[in-house]
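Undergrad: Here is how the chains run, residue by residue.
There are 2 protein chains.
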Amino acid sequence: MNDEKEIKSARERKLAKKKWKEEKLMKSLSKSLNESNDVETGPALKKIKSEGSSDVGPDSYKRRSTLSIAVPGSILDNAQSPELRTYLAGQIARAACIFQVDEVVVYDDLGEEESSHSDNEPQNEARPCCLQLARILQYLECPQYLRKHLFPLHKDLQFAGILNPLDAPHHFRQKDKTIYREGIVARRPVKPGRGSMVNVGLEKDVQINQVLQPGTRVTVKLNCDEYEDETSTGHSHKLRGEVVPPWQPRAHLDQYWGYHVRIANSMSAALSDCPFQGMYDLIIGTSDKGSKDIPAQLPSSDHILILFGGLQGLEMAVENNGGQLYKSVANDMTNLCDYYLNTCPKQGSRTIRTEEAILISLSVLTPKVVFKSGSFTLGASSES
Amino acid sequence: MNDEKEIKSARERKLAKKKWKEEKLMKSLSKSLNESNDVETGPALKKIKSEGSSDVGPDSYKRRSTLSIAVPGSILDNAQSPELRTYLAGQIARAACIFQVDEVVVYDDLGEEESSHSDNEPQNEARPCCLQLARILQYLECPQYLRKHLFPLHKDLQFAGILNPLDAPHHFRQKDKTIYREGIVARRPVKPGRGSMVNVGLEKDVQINQVLQPGTRVTVKLNCDEYEDETSTGHSHKLRGEVVPPWQPRAHLDQYWGYHVRIANSMSAALSDCPFQGMYDLIIGTSDKGSKDIPAQLPSSDHILILFGGLQGLEMAVENNGGQLYKSVANDMTNLCDYYLNTCPKQGSRTIRTEEAILISLSVLTPKVVFKSGSFTLGASSES
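For the protein sequence lines, the chains are A and B, in the order given. Every letter in the first sequence is one number past the one before it in numbering that gives the first Met the number 0, and letter 78, counting from 1, is 77. Every letter in the second sequence is one number past the one before it in numbering that gives the first Met the number 0, and letter 90, counting from 1, is 89.
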């Protein structure tokens, strides 16, 4: 009798796994047919989609490998004050920047039942904690000189003044001599036959090679000769530059160029809606219930996603995805992840907070990352 | 001429190194002649020194290996509000607990010149930031039920309410059945021929086998039979127990039992005043200027000390020790440390904050730790 039951439950698990994989495939197919549908928190936060440039857009990401992390927005609701809520979001941003993360996915781990929406709120709007975490992550990733243009006053950013800066390599000061700069298309009339003017944080705006929507955030490659002449002799030329895809500085100079933020309304959306060419080909779950056997080297991959749980852990995030299917997947997380790892096997505290787990897990895992393509590898393995 | 200069400077460095080592030896000698002279922030915070028990006291530490970290108190002065100052101290405490650190040394990295003491303050008092960091570390390490007895109201603890709990394994709730408990000797008269009563966080106090100064913090081993009977049948017996050294629970049960806090008025005091038998036999400095070559395994050691710098880095902390000697030592930190390591060689942010560096470095280093003696090893190496 017990044997029968076990066989039945094993069959159910197998079926659930199959259905899960099919669902992933379907999502990926429908995605390639439609346009990218990232949930963004506002038009101003959308990173460049310049039509003129030949290799700009999400497809361009196929040219390099990426590291993503997924973090539940609900961790903010566990903070003890609005200031600490903001500070916590800042800790996530800094951890992502320290480990050169390409994408931070803010996912909803609470599911529909626990939804805190009132009847007046729109149905498809993300949970407020997810929106706030995403907004603060984007705010910190944005170079200081662009913030006033891209981030209007908002209650989510009320305590932004206490945030520790990212000190990211693409956050330049005016005096820094650099080929690439992040900028915003200026809101002023464009002369016929000329390109738009872009504020890149220098004393003067830069004229680009195309006309773009004012207010768009762009990555600009400056015309080196004019720029050098301007800074060395003090002669005042008109600075020129061209709009390039945001991954170009990293590919050309091996310089970290910030992360992209995506909101996912469930764990399955976090996994399926990969903005890069193809899908995540290495998914790693982190949990104190995971295996203590950390592999000496991770399999060579293109797009890695590392999942972090919230207060209730990753299993609960999967269960809250809704439906019986996810309940059975949560029973064995290796259905979902290529690796399910405990990166701090001898923890002295009964709990590890998500902001701590990110630093710990990325310290342990990034030296073991091997990317298939791309001009850089993460971690120490390439050097030691 | 240049060659001569180089030879002279090499000779000077060699002499400085020799002098530094002699100084360390002298300190260690004079220490073994005198009593342990830890700088503590108050008598209430002193951990047990019970005369009756045969193996209680700092000497007992020879029985096991230890992991210490040294953190500059000045990092608190970089926080943007009193609440965040407190929160930062809490982050250090949680990092120490997660990695089962035995001792946190709070050192003064600013030196005498930058002293912020006013004329009214006593000369030998530690810097306020060091005192506050030490106090909050001790407050968080102390089980909740003892705090009101051991920590009187103090401005340093004004925002203690926002601190995340350590959730350490020796912080028991009343219902937890456990052999060892932390306690405080009750302030009530002892009957002739009987031992003191100790509050260990249970409904009733425990009678111990000796008379101790009221208010002393002690580790108590409960008489199991009486305790079991009490909790299972509900019969009200008098609970009995014996005072044991604070390291015993860890040695016997392999259970983390919190950290010891020490204030050091300079980097040299941090290194020399090791409270354990002998000296630190493995000193590791961490810095982005350190070597990216992390050894696969650290040499087998008894007492490991990992040094973290503050805003200005470890070199400045050594220079601020005072005198020409330390200036020359700071020029080559391998004079001071057995290893000088960069544990995050591909950092995407220009800076790593000390509270982040502790989590990152301990994640990278503890799996490589091998202890000579003791009943436990840290990290994953023993299991994988």
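Treat the hints as calculated values from the structure; they're not laboratory data. Worth double-checking, as some hints may not be accurate.
Heads up, the list lumps identical chains together, so a pair's fine if it works in one copy or across two of them.
[Said to hold, decoys possible] Pairs of lysine-lysine residues, derived as PhoX-like cross-links and limited to a Cα-Cα distance of at most 25 Å, are as follows:
(1) 288 to 176
(2) 220 to 291
(3) 345 to 371
(4) 176 to 345
(5) 176 to 237
(6) 203 to 190
(7) 237 to 326
Undergrad: Check the structure against each numbered hint from earlier and tell me which ones fail, lowest number first.
TA: 2, 7
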